[in-house]
Each structure stands twice: as C-alpha cells, then as structure tokens.
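Go ahead and model the full structure; you've got the sequences and the hints to work with.
Each chain, letter by letter, is given below.
Number of protein chains: 2
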Amino acid sequence: MEMQIQANWQGKRHFIAEGASGHSVSIDAKADVGGEDKGVRPMELLLMGLAGCTGIDVTMILEKMRQPLDGFRMEVRGIRREEHPQAFTEIHIYYYIDGQVDEQKAWRAIRLSEETYCSASASLKADIVPHLILNGVEVAQTGAHGGQA
Amino acid sequence: MEMQIQANWQGKRHFIAEGASGHSVSIDAKADVGGEDKGVRPMELLLMGLAGCTGIDVTMILEKMRQPLDGFRMEVRGIRREEHPQAFTEIHIYYYIDGQVDEQKAWRAIRLSEETYCSASASLKADIVPHLILNGVEVAQTGAHGGQA
Numbered sequence: 000m001e002m003q004i005q006a007n008w009q010g011k012r013h014f015i016a017e018g019a020s021g022h023s024v025s026i027d028a029k030a031d032v033g034g035e036d037k038g039v040r041p042m043e044l045l046l047m048g049l050a051g052c053t054g055i056d057v058t059m060i061l062e063k064m065r066q067p068l069d070g071f072r073m074e075v076r077g078i079r080r081e082e083h084p085q086a087f088t089e090i091h092i093y094y095y096i097d098g099q100v101d102e103q104k105a106w107r108a109i110r111l112s113e114e115t116y117c118s119a120s121a122s123l124k125a126d127i128v129p130h131l132i133l134n135g136v137e138v139a140q141t142g143a144h145g146g147q148a
Numbered sequence: 000m001e002m003q004i005q006a007n008w009q010g011k012r013h014f015i016a017e018g019a020s021g022h023s024v025s026i027d028a029k030a031d032v033g034g035e036d037k038g039v040r041p042m043e044l045l046l047m048g049l050a051g052c053t054g055i056d057v058t059m060i061l062e063k064m065r066q067p068l069d070g071f072r073m074e075v076r077g078i079r080r081e082e083h084p085q086a087f088t089e090i091h092i093y094y095y096i097d098g099q100v101d102e103q104k105a106w107r108a109i110r111l112s113e114e115t116y117c118s119a120s121a122s123l124k125a126d127i128v129p130h131l132i133l134n135g136v137e138v139a140q141t142g143a144h145g146g147q148a
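Here the protein sequences come in this chain order: A and B.
Under numbering that gives the first Met the number 0, the residue at position 8 of the first sequence is numbered 7, and the numbers go up by one with no gaps.
Under numbering that gives the first Met the number 0, the residue at position 89 of the second sequence is numbered 88, and the numbers go up by one with no gaps.
Hints are supplied without guarantee of correctness; some may be wrong.
[Unchecked claim] The list that follows gives simulated cross-link-like pairs (lysine-lysine, BS3-like), each with its CA atoms no further than 27 angstroms apart:
#: 1; chain 1: B; residue 1: 104; chain 2: A; residue 2: 29
#: 2; chain 1: B; residue 1: 37; chain 2: B; residue 2: 11
#: 3; chain 1: B; residue 1: 63; chain 2: A; residue 2: 11
#: 4; chain 1: B; residue 1: 11; chain 2: A; residue 2: 63
[Said to hold, decoys possible] Some chain A residues flagged as far from chain B (calculated, every beta-carbon gap over 12 angstroms):
#: 5; residue: 7
#: 6; residue: 37
#: 7; residue: 43
#: 8; residue: 55
#: 9; residue: 65
#: 10; residue: 88
#: 11; residue: 99
#: 12; residue: 102
#: 13; residue: 103
#: 14; residue: 104
#: 15; residue: 113
#: 16; residue: 131
#: 17; residue: 135
#: 18; residue: 136
#: 19; residue: 140
[To be verified] Pair ranges (Cβ atoms, derived):
#: 20; chain 1: B; residue 1: 102; chain 2: A; residue 2: 89; range: 35 to 43 angstroms
#: 21; chain 1: B; residue 1: 9; chain 2: A; residue 2: 63; range: 18 to 26 angstroms
#: 22; chain 1: B; residue 1: 138; chain 2: A; residue 2: 65; range: 54 to 62 angstroms
#: 23; chain 1: A; residue 1: 138; chain 2: B; residue 2: 63; range: 27 to 35 angstroms
#: 24; chain 1: B; residue 1: 65; chain 2: A; residue 2: 88; range: 34 to 42 angstroms
It is worth saying that the hints were derived from the structure and are not from the lab.
Don't be surprised by glycine CBs; every beta carbon is placed ideally from N, CA and C.
Quick look at the structure:
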C-alpha cells in the first residue's frame, strides 16, 4: 500500500504540495529562516494530519454508535525538543465533544482510534495523550485501557 | 517548546484545521469512509509536512553553500502497513534538483536535513530513504554516512 505526494519549490522557502487526492497545500517558513509566511508550517501539518485522522475515526465510530454530535473540535498541542532536530516528544489531543453523547462511548471511540485505526498516530514517535471535554466538562478516562495521565 | 493547532468539524468527515501561523487547511476523507473529498487526506498531510520540512532545510543550506537552484521539487512516497493502523513503515524522498549544484554539496545538504535539522523526519517512525536526481540524473549517495540503498 503506497501513498504519494509532490512538493514544488516556489522560491525562497515556499512550496506547493499536492497529493493524489488533488488538493494542494501551500507551505512556507517564518522570516527567521528566510520564509515569507505564504503557507502553513511543516510541523503544523503533522499535527493537522493527526487531528484529521483521529477526527475522521471518532466521528465515524460515534455515528455507528448512534451518538449524535452537536459540535466537535480538537486542539492538538505538540511538545518539541529544544535541540535540533526539534521533534515532537509528546502530543496532547483535546477532544471537545458536544451533544447527547455517552461518556463511556466517547472514550471508547477515542481509544479505538488511538489504538486500532489511526494511521497518523501510529506513524508518529511521540507519546500521544488524549483528553475528553464533553459538553464543556473534562471527563477522565475510564475502562480497561485507561491510565494515561 | 510547544506548537498548537485546532481542527473544527464541518459535518460528516470534513474538518478545517488552523495553526498559530493563521493558515488553514481543509481535511476530508474519501467516500468509502463517509467523506466528500472536500480536502486533503490526513496521511497526505504527514508526507507534505515532511516534504516542507526537508525542502526548507535543503533550500536554506544550498543557499548558504552558494549553490544556485534553477528548479527544485520533491516526490515523497510513503509505504504503509496493509493492516490497521496503516502507518507508514518506509518513506522515500526523491529530491529533483536542477541547476549548477555540486553533487557532493547536494548530498551534504540532504544529509544535514535528515540527520540534524528536519524535525518532521525525526518525528516519524518510518525509515526515511533519500534519493537525489540532479539535472535529470540519479546520483548515488557518497561519503561517510552513505550506504542507504
């Protein structure tokens, strides 16, 4: 199984990337490394890919569980090494879920994504720590695979 | 050191992600998992982040080495597990560099990115294999850290 993208240099630090899906993304650096801020930062793309991957899983699983969503957003915080290479060492995903959703089922959907389905999560070296905020209230993880702080 | 992004659900499998840089990216799945192809695939974003990261490094290093580029593009091929989670196991980066660029310097720039500077590369579990195509001809890696096929 293979996936391919292309990235074409536009001068300075600016690239336009495109995948087989046909959607393109503009990528650029900040001024301190010679960029002109014409696009998203490369390391932001890793966090966005992770968010998209687990977000698609969680919405799909909750739909199958017949748990209707009124709203759903994620915040993803990546903690990076101070030294080069400044890789992510720990990534916190905050799932903000609104609606008549059972908290056990919400956690089960998150765990199924993290442990079984999410290819982006399984591609990253960092420890990934999920958090659930259900209708505005943070809900601790329960159940067999719990225990992540 | 921390970096943060948000991703807001737009219904079905569609998300709009935005980072601190302020640039947003539309993310969606294919129809087979309930998506409508309104944006890039999450796993494409990981490869794009990797391409942007090493592309920014390589253009910056070659500029410092006074090696003028006429053109530069990258193809990134990610090989994935067949089973869930379908993580990347091996990623090939093809650097297509055109211009009056010394081949040793081009390889040195690529190696400096891979081994020292590229945070995206250091964040991914997959084995990353670089390839250099200089003015249309593939050039094998030479020097101390060579040996990757």
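Hints versus structure:
A hinted pair counts as satisfied when its Cα atoms are at most 27 angstroms apart, and residue 104 (chain B) with residue 29 (chain A) qualifies at roughly 25 angstroms. The suggested pairing of residue 37 (chain B) with residue 11 (chain B) holds, with an alpha-carbon distance near 11 angstroms, which does not exceed 27 angstroms. Distance hint between residue 63 (chain B) and residue 11 (chain A) is fulfilled; the C-alpha atoms sit about 12 angstroms from each other, no more than 27 angstroms. The hinted pair formed by residue 11 (chain B) and residue 63 (chain A) meets the criterion: a straight-line CA distance of about 12 angstroms does not exceed 27 angstroms.
With a minimum CB-CB distance of about 5 angstroms to chain B, residue 7 (chain A) fails to clear the 12 angstroms threshold, and the non-interface call is violated. With 12 angstroms as the threshold on Cβ separation, the claim that residue 37 (chain A) sits away from chain B is violated: the shortest Cβ distance comes to roughly 9 angstroms. In this structure residue 43 (chain A) is not separated from chain B by more than 12 angstroms, as the shortest Cβ-Cβ distance comes to only about 4 angstroms. For residue 55 (chain A), the requirement that its beta carbon stay farther than 12 angstroms from each beta carbon of chain B is not met, with the minimum near 5 angstroms.
With 12 angstroms as the threshold on Cβ separation, the claim that residue 65 (chain A) sits away from chain B holds: the shortest Cβ distance comes to roughly 14 angstroms. Listed as outside the interface, residue 88 (chain A) is inconsistent with that label: its C-beta sits roughly 9 angstroms from the nearest C-beta of chain B, within the 12 angstroms cut-off. The non-interface label for residue 99 (chain A) is consistent with chain B: the shortest C-beta to C-beta separation is roughly 16 angstroms, beyond 12 angstroms. At roughly 18 angstroms, the least C-beta separation between residue 102 (chain A) and chain B is larger than 12 angstroms, which holds for a residue marked as non-interface.
At roughly 21 angstroms, the least C-beta separation between residue 103 (chain A) and chain B is larger than 12 angstroms, which holds for a residue marked as non-interface. For residue 104 (chain A), the non-interface assignment is confirmed: its Cβ lies about 17 angstroms from the closest Cβ of chain B, beyond the 12 angstroms cut-off. Its beta-carbon lying about 9 angstroms from the closest one in chain B, residue 113 (chain A) breaks the requirement of being farther than 12 angstroms from that chain. For residue 131 (chain A), the non-interface assignment is confirmed: its Cβ lies about 15 angstroms from the closest Cβ of chain B, beyond the 12 angstroms cut-off.
No beta-carbon of chain B comes within 12 angstroms of the beta-carbon of residue 135 (chain A); the shortest separation is about 16 angstroms. Separation of residue 136 (chain A) from chain B is adequate, the least Cβ-Cβ distance of about 19 angstroms exceeding the 12 angstroms criterion. Listed as a non-interface residue, residue 140 (chain A) keeps its Cβ farther than 12 angstroms from every Cβ of chain B; the least gap is roughly 19 angstroms. Hint check: residue 102 (chain B) to residue 89 (chain A), Cβ distance near 39 angstroms, so the stated range 35 to 43 angstroms holds.
Between residue 9 (chain B) and residue 63 (chain A) the beta carbon distance is about 19 angstroms. The supplied range of 18 to 26 angstroms therefore holds. Separated by about 57 angstroms at the C-beta atoms, residue 138 (chain B) and residue 65 (chain A) satisfy the suggested range of 54 to 62 angstroms. Range check, residue 138 (chain A) to residue 63 (chain B): Cβ separation about 50 angstroms, and the 27 to 35 angstroms hint is violated. Between residue 65 (chain B) and residue 88 (chain A) the beta carbon distance is about 35 angstroms. The supplied range of 34 to 42 angstroms therefore holds.
In this structure, the earlier hints numbered 5, 6, 7, 8, 10, 15 and 23 are contradicted, and the remaining ones agree with it.
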